[in-house]
Amino acid sequence: MSTRLSNRAKGEMKLGWLLSAPAVIILLAVTGYPILQAVYYSFFNYRLTDPDNRFVNWGHNYLVILTDPLWWQTIWVTLLLTVVTVAVELVLGFALALVMLNALKSVRPWVRTAILIPYGIITVVAAFSWKYAFDLGTGFVGTWLSMPGFDWFGDFWSSFLVICAAEIWKTTPFISLLLLSGLAQIPGDMLEAATVDGATWWQRMSKVIIPNMKAAIMVALLFRTLDAFRVFDSVFVMTAGAQDTATVSFLTYNQSIGQLQLGMGSALSVLLFLSVALICLIFIKIFKVDLAQARGE
Amino acid sequence: MKHTARTRGRWRTVMAAAVLFGLVGASGCAADAATPTLTWYINPDNGGQASIAADCTAEADGAYRISTSLLPNDAPGQREQLVRRLASEDSSIDIMSLDPVYVAEMANAEYLAPVPEDYIAEFTDGVIPSSVESSTRQDELVATPFWANTQLLWYRKSVAKAAGLDMSKPVTWDQIIDAAAQEDKRVGVQGIRAESLTVWLNAMIESAGGSIVTNPDSDGAAEVELGIDTEAGEKAAAIMAKIGETGVGGPQLSNLDENAAMLEFQSDDGGFMVNWPFIYAATKASVDDGVLEESLLEDIGWTFYPRVDEAEESSPPLGGINLGVGAFSEHQDLAYRAVDCIRQPERQSAYFLSDGNAPSNLAAFDDPEVQKEFPAAEVIAESLKRSAARPLTPYYNEVTGGIQKSWHPPGSVDPERTPASSQRFILEILRGERLL
Numbered sequence: 000m001s002t003r004l005s006n007r008a009k010g011e012m013k014l015g016w017l018l019s020a021p022a023v024i025i026l027l028a029v030t031g032y033p034i035l036q037a038v039y040y041s042f043f044n045y046r047l048t049d050p051d052n053r054f055v056n057w058g059h060n061y062l063v064i065l066t067d068p069l070w071w072q073t074i075w076v077t078l079l080l081t082v083v084t085v086a087v088e089l090v091l092g093f094a095l096a097l098v099m100l101n102a103l104k105s106v107r108p109w110v111r112t113a114i115l116i117p118y119g120i121i122t123v124v125a126a127f128s129w130k131y132a133f134d135l136g137t138g139f140v141g142t143w144l145s146m147p148g149f150d151w152f153g154d155f156w157s158s159f160l161v162i163c164a165a166e167i168w169k170t171t172p173f174i175s176l177l178l179l180s181g182l183a184q185i186p187g188d189m190l191e192a193a194t195v196d197g198a199t200w201w202q203r204m205s206k207v208i209i210p211n212m213k214a215a216i217m218v219a220l221l222f223r224t225l226d227a228f229r230v231f232d233s234v235f236v237m238t239a240g241a242q243d244t245a246t247v248s249f250l251t252y253n254q255s256i257g258q259l260q261l262g263m264g265s266a267l268s269v270l271l272f273l274s275v276a277l278i279c280l281i282f283i284k285i286f287k288v289d290l291a292q293a294r295g296e
Numbered sequence: 000m001k002h003t004a005r006t007r008g009r010w011r012t013v014m015a016a017a018v019l020f021g022l023v024g025a026s027g028c029a030a031d032a033a034t035p036t037l038t039w040y041i042n043p044d045n046g047g048q049a050s051i052a053a054d055c056t057a058e059a060d061g062a063y064r065i066s067t068s069l070l071p072n073d074a075p076g077q078r079e080q081l082v083r084r085l086a087s088e089d090s091s092i093d094i095m096s097l098d099p100v101y102v103a104e105m106a107n108a109e110y111l112a113p114v115p116e117d118y119i120a121e122f123t124d125g126v127i128p129s130s131v132e133s134s135t136r137q138d139e140l141v142a143t144p145f146w147a148n149t150q151l152l153w154y155r156k157s158v159a160k161a162a163g164l165d166m167s168k169p170v171t172w173d174q175i176i177d178a179a180a181q182e183d184k185r186v187g188v189q190g191i192r193a194e195s196l197t198v199w200l201n202a203m204i205e206s207a208g209g210s211i212v213t214n215p216d217s218d219g220a221a222e223v224e225l226g227i228d229t230e231a232g233e234k235a236a237a238i239m240a241k242i243g244e245t246g247v248g249g250p251q252l253s254n255l256d257e258n259a260a261m262l263e264f265q266s267d268d269g270g271f272m273v274n275w276p277f278i279y280a281a282t283k284a285s286v287d288d289g290v291l292e293e294s295l296l297e298d299i300g301w302t303f304y305p306r307v308d309e310a311e312e313s314s315p316p317l318g319g320i321n322l323g324v325g326a327f328s329e330h331q332d333l334a335y336r337a338v339d340c341i342r343q344p345e346r347q348s349a350y351f352l353s354d355g356n357a358p359s360n361l362a363a364f365d366d367p368e369v370q371k372e373f374p375a376a377e378v379i380a381e382s383l384k385r386s387a388a389r390p391l392t393p394y395y396n397e398v399t400g401g402i403q404k405s406w407h408p409p410g411s412v413d414p415e416r417t418p419a420s421s422q423r424f425i426l427e428i429l430r431g432e433r434l435l
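Read top to bottom, the protein sequences are chains V and X.
All residue numbers for the first sequence refer to numbering that gives the first Met the number 0, where the first residue is 0 and numbers rise by one.
All residue numbers for the second sequence refer to numbering that gives the first Met the number 0, where the first residue is 0 and numbers rise by one.
Isolated chain V, as found in the complex (with noise of 0.2 Å):
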């Protein structure tokens, strides 16, 4: 009995490499690759515009970028900006998601629609939009808010906020959206049960909803916390890394695409990929979490 169950998980097992396999082939050819060349010219001293001058400098960009008080500033501006937007997105995706679930049946498609219209707009446009916003010379904001001569993009503490602001607008439906669907998979008898048994509101939320959906709170956090990471676009269009607001991403932009320093900017590429390789090893290590739970297995 045993060993035909074990044949029958082995030819399972198998089955799902060859019907993975074509998709895993295909995703290492298109990642692997530049990935690979980013390590190989990482260690070049290699301006694209300056070919005779191309050689091998070994570790000198890794240990340029890692003495450079430039990269620990983006650094911890990018943490900064990750940890407030997602902690605030967290909790405002949360609010949203027991506005869709709980939405009256007939305002519910609308309401959802609603909530997603951010979600569905460039990020750059999105940007813009708020650019144009705050901005001395187009904004309203400043006249709303009775200060109508503050240049928000003047220091970097109120262009981080606006930053922050364009980016939690933007990103929450999508934590909302994941919220959703682990609100959806807790069984309504449990939560029936608990009101039977005289739970109030907050204890049902922190005994019972909470705990049952910390999969899918986790792999919200996960995403969001790497998506935050490699912020860009609302950096670039805002403040093109102006007032000390320059992000990972945008120094390794600026390296690579604005300098044409290849070398350099594919260094830069591998720290920040390291760095995201490490948040998911955090967060699945030390966090436990499950990507196979959350998708309901």
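Just so you know, the hints here were simulated from the structure itself, not pulled from any lab data.
Worth double-checking, as some hints may not be accurate.
In silico SDA-like links for lysine to any residue, alpha-carbon gap of 20 Å or less [said to hold, decoys possible]:
| no. | chain 1 | residue 1 | chain 2 | residue 2 |
| --- | --- | --- | --- | --- |
| 1 | X | K404 | V | T66 |
| 2 | V | K130 | X | P250 |
| 3 | X | K404 | V | I74 |
| 4 | X | K404 | V | C279 |
| 5 | X | K404 | V | K287 |
| 6 | V | K130 | X | A193 |
| 7 | V | K130 | X | K156 |
| 8 | X | K404 | V | W156 |
| 9 | X | K404 | V | W70 |
| 10 | X | K156 | X | V286 |
| 11 | X | K404 | V | F231 |
| 12 | X | K404 | V | I256 |
| 13 | X | K404 | V | G257 |
| 14 | X | K404 | V | W71 |
| 15 | X | K404 | V | P68 |
| 16 | X | K404 | V | Q72 |
| 17 | V | K130 | V | W109 |
Chain V is already provided as a structure; the job is to place chain X on it using the hints.
Only chain X this time, still in chain V's reference frame:
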């Protein structure tokens, strides 16, 4: 079996249609196929370059056709797209509209086809010197001057009069800052962290008798020598600091670009402003549309870029477009014939009239229509003769990036510290020891 036959039948129909379309297409294109098409990558404008392309195609009488392809809006975006294509040896790039600051970089990377001997005299005679200089790399003409641009000092006549400033004589930065402060008005500059900040700083350093890069022809990035930490650099820093300290730059100083400066100048706060010649046409258009009052246009005056030293003539900024021929083009000879057609002085006059972009060839200013349409034409022509290009080094991007980082925001510039720290920072970037 039936199914297979039907499938085969469908295939036959598709194949027949493909062959038929192929034949029709080939016969339709037969006449055009013999005429090589030159692709001209142009910066966005009001359609003037496309119309020049059409004129030259007609004039070529079947020798070539020019089709235009639009580049991104800003100069760094244009450079990025061209470099990416040229690095992969794109043969579709025949002619390029290049911002002068990127000519040296393109030439150094061997992306530009050399200008044939026969054309050199024609391309440079009667052309403003700074425009020729910006088309030259290591004493060799590598691009062709097309149109040129310069900044003027725009002022509100009422403000200058109230402050007792005689605008018929050359004025200095100190004078206009003091006059604006006295009248509680603004001095419009480009304080945004962008290329325009380098344009402003370069003009002040050149006006003070210095240069940001002192050896533009050097070969390696590490060999570049800078002239920022000099007396000229300190004078430029002192002007920036004064604009910040006195508040004449306004609250938006650190985000002020050309357009924002114009809007501020047109408002009741407007006093003085350094800016490109589009100001007059743009203000006139707003007046015609009823957005601005007629009296504003009458109150606007213009003169040469402000001086740094009272006794030294100023060196206004140089902008514009030079034409380059792609090194990987399959029709380099024809491309140069086309460039020769595009750059004719009468076409430059027409382009000035249609798009407001000033000619690089001085003869083009003599056109009576130009003189009638552009009241500032005479001052623009003279300003162009005095203008100084930004550093013509292949490493311009590092230099301007370093400037934009170390001189921004203008209000925080310290004449004693900024020039030295900026020079050190840019040299470290050039040596690959710092990030930008």
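Quick rundown of the hints versus the structure:
no.	hint	verdict
1	K404/X with T66/V	19 Å, holds
2	K130/V with P250/X	17 Å, holds
3	K404/X with I74/V	18 Å, holds
4	K404/X with C279/V	33 Å, violated
5	K404/X with K287/V	42 Å, violated
6	K130/V with A193/X	16 Å, holds
7	K130/V with K156/X	34 Å, violated
8	K404/X with W156/V	18 Å, holds
9	K404/X with W70/V	15 Å, holds
10	K156/X with V286/X	17 Å, holds
11	K404/X with F231/V	18 Å, holds
12	K404/X with I256/V	17 Å, holds
13	K404/X with G257/V	14 Å, holds
14	K404/X with W71/V	17 Å, holds
15	K404/X with P68/V	14 Å, holds
16	K404/X with Q72/V	14 Å, holds
17	K130/V with W109/V	28 Å, violated
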